[in-house]
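Enquirer: All chains should be built: construct the whole structure from the sequences, respecting the hints.
So in the numbering used here, the last spot in the sequence shown is 128, and the numbers never skip.
You may find that some hints are simply not true.
As the list claims (entries may be wrong) - Calculated pairs, DSS-like style, for lysine-lysine (alpha carbon to alpha carbon, straight line, at most 25 Å):
#1 K84 to K121
#2 K84 to K95
#3 K24 to K111
#4 K121 to K95
Think of the hints as simulated: they come from the structure by calculation, not from any bench. Quick caveat, the model's predicted, so the values are computed rather than measured.
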Amino acid sequence: MIKTDLSEIYRDYIACLNRQDWPKLEQFVQDDVHYNGRRIGLSGYREMLVRDFDEIPDLYFNIHLLISDPPYIASRLGFDCTPKGMFLGLDVNGKRVSFTENVFYEFRSEKIDQVWSVIDKAAIEAQL
Numbered sequence: 001m002i003k004t005d006l007s008e009i010y011r012d013y014i015a016c017l018n019r020q021d022w023p024k025l026e027q028f029v030q031d032d033v034h035y036n037g038r039r040i041g042l043s044g045y046r047e048m049l050v051r052d053f054d055e056i057p058d059l060y061f062n063i064h065l066l067i068s069d070p071p072y073i074a075s076r077l078g079f080d081c082t083p084k085g086m087f088l089g090l091d092v093n094g095k096r097v098s099f100t101e102n103v104f105y106e107f108r109s110e111k112i113d114q115v116w117s118v119i120d121k122a123a124i125e126a127q128l
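Expert: Rendered as structure tokens:
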């Protein structure tokens, strides 16, 4: 897999998330995907994303930085949104917050196999 191909797949994956096109998620994510070291599977991954969009109705994934080194992708995602209530254990309660997520992906057969994610919780705390 070449860098441009993997970057395109990743951009299509992010577009799928932003459309909340859950039936197409299986085109991008392995059935036995791991998230932060835990096997959650495709159904658990989908449930996590659906919950995120339920808790944050205006959630939108913005790619700020994208580095491709197959089979890995490193991405810095930016968010400017209004979580409805609690978010990451913080009482955001409808306040608009901006934060970033640093996330690394390992791909297998052109699908996401491993995800390691760190959200900048301190940036949210500073805005509350």
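Enquirer: Which numbered hints are broken by the structure, listed smallest first?
Expert: none
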